[in-house]
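Asker: With the hints as constraints, model all of the structure from the sequences given.
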Amino acid sequence: MPILSRYSPWGVISCLLIVGLSIIALFAPFISPFSPGERFFPFSPPSAVHWLGTDDIGQDILAQVIYGSQISLTVGLAAAVSSVCLGTLAGIGGAYLRGWGREVFRGMIDTALLIPFLPLMVLLAAYLGPGLSNIVLVISLLGWCSTARSVQARVLQLRELPFIESLVSLGLPGYRIIYAHILPNLRELILAKFIVTAAHVMLAEAALSFLGLGDPTRVSWGGILYYAFHRGGFSNDLWYWYLPPGGCIALSTFTFVAWGYYLEQRATASAADSLMED
Amino acid sequence: MLEAIALQKHFRQGFFSQRTVRAVDGVSLCLTAGETLGLTGNSGSGKSTLARMLAGLIKPSAGRILYQDVELPTSSPPFFTPRRRPLQMIFQNPLLAFDPRQQLRQALLEPLLTHRLISSTAQGLDRLSGLLHAVGLEEELLLRYPHQISGGQAQRLTIARALSLEPELLIADEPAAMLDVVAQAQVMALLHQLQNRTGIGMLLISHDTELLRASASRVLVMVNGQITAAGTPAAVFGPPATDLFSLRRQLTTT
Amino acid sequence: MDLLTLKDLNISFMKTPEPFFAVRQLTVSLALLSRTAIIGESGCGKSILAAALLGILPHNATVSGSIFWQGTPLTPDLLRRIRGRELALIPQNPAASLNPTLSVGFQVAETLALTHANRHGGKLRDQVFQLLSQVGLDAKVVYTAYPHQLSGGMAQRVLLAIALGGSPRLLIADEPTKGLDPAVRTDNMLLLHQCLVTSALLLITHDLELAATCEQVMVMHAGEVVEIAAPERLYAKPRHIYTRALLSAHPANGLLAATFFCGAALDQQPGCKFAAHCQLLATLSPTQRRQCRQQAPTLRGSSDWQVRCHYA
Numbered sequence: 000m001p002i003l004s005r006y007s008p009w010g011v012i013s014c015l016l017i018v019g020l021s022i023i024a025l026f027a028p029f030i031s032p033f034s035p036g037e038r039f040f041p042f043s044p045p046s047a048v049h050w051l052g053t054d055d056i057g058q059d060i061l062a063q064v065i066y067g068s069q070i071s072l073t074v075g076l077a078a079a080v081s082s083v084c085l086g087t088l089a090g091i092g093g094a095y096l097r098g099w100g101r102e103v104f105r106g107m108i109d110t111a112l113l114i115p116f117l118p119l120m121v122l123l124a125a126y127l128g129p130g131l132s133n134i135v136l137v138i139s140l141l142g143w144c145s146t147a148r149s150v151q152a153r154v155l156q157l158r159e160l161p162f163i164e165s166l167v168s169l170g171l172p173g174y175r176i177i178y179a180h181i182l183p184n185l186r187e188l189i190l191a192k193f194i195v196t197a198a199h200v201m202l203a204e205a206a207l208s209f210l211g212l213g214d215p216t217r218v219s220w221g222g223i224l225y226y227a228f229h230r231g232g233f234s235n236d237l238w239y240w241y242l243p244p245g246g247c248i249a250l251s252t253f254t255f256v257a258w259g260y261y262l263e264q265r266a267t268a269s270a271a272d273s274l275m276e277d
Numbered sequence: 000m001l002e003a004i005a006l007q008k009h010f011r012q013g014f015f016s017q018r019t020v021r022a023v024d025g026v027s028l029c030l031t032a033g034e035t036l037g038l039t040g041n042s043g044s045g046k047s048t049l050a051r052m053l054a055g056l057i058k059p060s061a062g063r064i065l066y067q068d069v070e071l072p073t074s075s076p077p078f079f080t081p082r083r084r085p086l087q088m089i090f091q092n093p094l095l096a097f098d099p100r101q102q103l104r105q106a107l108l109e110p111l112l113t114h115r116l117i118s119s120t121a122q123g124l125d126r127l128s129g130l131l132h133a134v135g136l137e138e139e140l141l142l143r144y145p146h147q148i149s150g151g152q153a154q155r156l157t158i159a160r161a162l163s164l165e166p167e168l169l170i171a172d173e174p175a176a177m178l179d180v181v182a183q184a185q186v187m188a189l190l191h192q193l194q195n196r197t198g199i200g201m202l203l204i205s206h207d208t209e210l211l212r213a214s215a216s217r218v219l220v221m222v223n224g225q226i227t228a229a230g231t232p233a234a235v236f237g238p239p240a241t242d243l244f245s246l247r248r249q250l251t252t253t
Numbered sequence: 000m001d002l003l004t005l006k007d008l009n010i011s012f013m014k015t016p017e018p019f020f021a022v023r024q025l026t027v028s029l030a031l032l033s034r035t036a037i038i039g040e041s042g043c044g045k046s047i048l049a050a051a052l053l054g055i056l057p058h059n060a061t062v063s064g065s066i067f068w069q070g071t072p073l074t075p076d077l078l079r080r081i082r083g084r085e086l087a088l089i090p091q092n093p094a095a096s097l098n099p100t101l102s103v104g105f106q107v108a109e110t111l112a113l114t115h116a117n118r119h120g121g122k123l124r125d126q127v128f129q130l131l132s133q134v135g136l137d138a139k140v141v142y143t144a145y146p147h148q149l150s151g152g153m154a155q156r157v158l159l160a161i162a163l164g165g166s167p168r169l170l171i172a173d174e175p176t177k178g179l180d181p182a183v184r185t186d187n188m189l190l191l192h193q194c195l196v197t198s199a200l201l202l203i204t205h206d207l208e209l210a211a212t213c214e215q216v217m218v219m220h221a222g223e224v225v226e227i228a229a230p231e232r233l234y235a236k237p238r239h240i241y242t243r244a245l246l247s248a249h250p251a252n253g254l255l256a257a258t259f260f261c262g263a264a265l266d267q268q269p270g271c272k273f274a275a276h277c278q279l280l281a282t283l284s285p286t287q288r289r290q291c292r293q294q295a296p297t298l299r300g301s302s303d304w305q306v307r308c309h310y311a
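Residue numbers (numbering that gives the first Met the number 0), protein chains in the order written: chain R, 0 to 277; chain X, 0 to 253; chain S, 0 to 311.
Incorrect hints may have been included.
[Said to hold, decoys possible] Pair ranges (Cβ atoms, derived):
| # | chain 1 | residue 1 | chain 2 | residue 2 | range |
| --- | --- | --- | --- | --- | --- |
| 1 | R | W50 | S | P99 | 52 to 60 Å |
| 2 | X | L116 | R | R97 | 22 to 30 Å |
| 3 | X | R248 | S | W304 | 20 to 28 Å |
| 4 | X | R11 | R | P215 | 58 to 66 Å |
These are calculated hints, taken from the structure and not from any lab test. The model shown is predicted, which means the values in this text are computed figures rather than measured ones. Every residue, glycine too, gets a C-beta built ideally from N, C-alpha and C.
Answerer: And the structure:
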């Protein structure tokens with residue numbers, strides 16, 4: 000079984016795509032033919048020099064797309080890491096603590112789950128003002144609750160298992176049980192949540208940028224779409240302006256979802272294997 | 000050595016209703032060093048709840064627990080105090096008593112480190128090798144993970160883990176219920192040897208009257224949270240069933 | 000004609016460096032209406048055997064040898080036709096073997112409708128009621144109940160009702176009393192025997208008292224049958240050293256622990272696995288001892304008492 004899943008198509012595809020995306024983002028200055036701020040003749044269609052043409056102020060669109068991957072990946076990873084960390088903390092707190100501490104965490108999770116995601120995100124982003132760190136902050140402040148709910152459910156399950164009781168009876172303190180016994184048993188869940196969150200976060204970043212709430216000094220895929228929308232890209236049907244960034248958003252989201260799918264497959268396969276050893 | 004006075008545990012049923020279930024309803028018992036006290040009763044009679052209260056895993060609704068004439072704190076569980084160290088417990092399902100993600104070596108070293116009984120891993124391994132020898136296991140076993148060992152081996156390891164903390168009292172909750180006849184005999188023999196050597200007291204919980212007859216010096220019978228009978232196994236259970244055919248005889252008579 | 004015949008059955012699992020044999024060289028036949036018990040330690044291969052009979056082995060298992068069902072080879076196709084009907088199983092963990100989201104009545108009716116295609120509506124319902132009361136349950140209450148409302152003993156009776164719904168000719172019960180109270184255990188076992196009117200029973204257990212309710216007891220160790228006999232004779236005068244150890248480990252017989260039957264080390268010996276610990280060996284002549292140490296014994300004896308030992 001492990002051999003089969005190691006070469007599962009999902010695993011191979013997502014791995015290649017992730018490696019490809021990271022290379023493009025890391026080596027953008029070397030890959031890109033021009034700097035994203037360089038100006039050429041505006042509204043030129045795709046040619047040998049400008050593969051994807053230029054926009055209304057004459058910037059090369061291919062260069063913008065390549066540099067845009069940096070922003071999307073950075074925001075995606077940073078916001079996913081922070082929101083999963085927040086979610087794990089809140090989830091463990093809401094499940095393992097007793098008394099009022101638990102009620103505080105549970106109340107927080109339930110309230111956060113009730114709030115509609117997109118409107119509040121737009122509101123917060125507009126209030127805090129544009130900027131990369133603000134976007135990361137806004138997304139992670141709002142994206143932690145689904146992780147928290149899953150972690151909470153799993154910890155509630157785990158803490159009823161006999162081995163936790165036997166560790167308590169051996170006199171192990173609570174922090175030690177959480178750190179050395181609960182956390183390792185959450186590993187798969189946290190990883191899966193991280194990947195799903197990363198995909199969500201990249202979409203959210205694109206949405207904010209498209210609404211004009213992104214960082215105006217840095218070009219991102221959602222930002223290219225924003226300009227294409229407001230400066231006649233869509234109305235004149237300049238496909239080379241709006242299609243590449245849109246495709247990139249779709250592709251990167253797909254990559255993370257495929258990776259998550261692959262990990263899920265592997266987790267169920269190994270769970271089945273361990274059952275069979277009994 | 001261990002004394003429980005009028006222990007009670009009530010569970011409230013439902014959020015709004017005031018109906019309570021009396022899992023343990025005023026149980027007093029005492030256990031002296033070196034003796035095996037048997038505790039039996041049907042499932043739901045509260046014997047496991049009683050054991051968990053004595054081990055400090057759940058909080059009694061009322062009553063006191065004295066250990067060597069000093070009252071143990073029962074305010075809020077889990078009671079992480081060095082004073083609980085002499086009281087160790089082993090559980091019904093040994094395979095679930097270990098963290099599935101932890102190597103067994105680590106699982107056995109961890110309590111020793113927590114209670115600062117050892118200062119280094121090497122010292123701990125030294126100590127463990129002696130313990131493993133006492134429970135009849137090979138040292139290689141420690142390199143495995145819980146799903147790679149059998150139930151009998153796992154139960155010996157839980158015994159070794161409990162003994163590593165040098166308890167004076169062992170609470171064994173159905174230690175052999177999940178094991179087959181042979182492993183059961185081995186685990187019980189092991190507990191006896193250890194008791195003879197170290198003189199620890201043992202509270203043995205089991206629903207198997209034959210097992211208690213063979214192992215316990217005194218038995219208590221629990222029904223609906225109360226102790227209804229106490230005495231030597233012979234006095235409580237009557238004469239032993241002499242053979243293995245009692246079930247078959249019942250079948251042919253009905 | 001026998002109901003079920005196994006010939007040279009081997010079940011192995013792919014393991015590195017060499018395959019692990021869970022069942023080896025098993026030849027046995029179950030007669031119509033017979034009651035057979037398999038006893039042995041956990042890990043001796045008794046549950047794997049049941050899984051093999053039902054064709055529900057894990058995918059990395061290899062089966063060789065032949066299984067005959069009433070004289071015809073048991074092909075996957077035949078198995079699909081008889082499973083749940085003529086061949087029924089009471090699984091090991093009763094509470095987990097029922098679907099928690101469906102009512103008991105539905106689950107009993109479901110299998111009943113499968114086996115009797117012409118039954119539906121009121122007729123089906125009557126039949127379910129009859130089955131539930133046959134296994135000693137209050138049919139009115141249990142019909143609409145959900146599995147979490149049942150105790151372990153009741154869940155097991157429901158599974159028995161489901162098995163009986165297919166009017167089986169062979170019922171395999173895998174550790175039917177595990178985790179039950181003594182009183183419930185006795186009641187359920189008596190009930191099981193009473194319900195077996197048209198069916199043979201294959202009882203898998205490590206409970207010696209339970210095994211004594213059958214006509215024939217097979218003792219298994221490390222995938223091999225070491226002794227087969229009627230319980231009266233087997234318990235009174237066990238011939239194989241392992242059977243003796245198993246019997247004396249029972250609390251009623253003194254709870255004596257035998258420590259020498261661990262699997263891996265025994266496998267490497269060429270001769271009898273028990274030679275190093277056999278009391279019988281001391282009474283034998285040197286040539287006989289050599290045979291014990293060099294040649295693995297096979298099952299021998301008459302059909303009503305077979306033992307895997309050269310001299311017992």
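Asker: Look at each hint and say if it fits the structure.
Answerer: Comparing the hints with the structure gives:
1. For the hinted restraint 52 to 60 Å between W50 of chain R and P99 of chain S, the CB-CB distance of approximately 59 Å keeps it satisfied.
2. For L116 of chain X and R97 of chain R, the hinted distance range of 22 to 30 Å is satisfied, since their beta carbons lie about 28 Å from each other.
3. About 23 Å separates the C-beta atoms of R248 of chain X and W304 of chain S, a value consistent with the hinted range of 20 to 28 Å.
4. For R11 of chain X and P215 of chain R, the hinted distance range of 58 to 66 Å is satisfied, since their beta carbons lie about 60 Å from each other.
Checked against the numbered hints listed earlier, the structure breaks none of them; every hint is satisfied.
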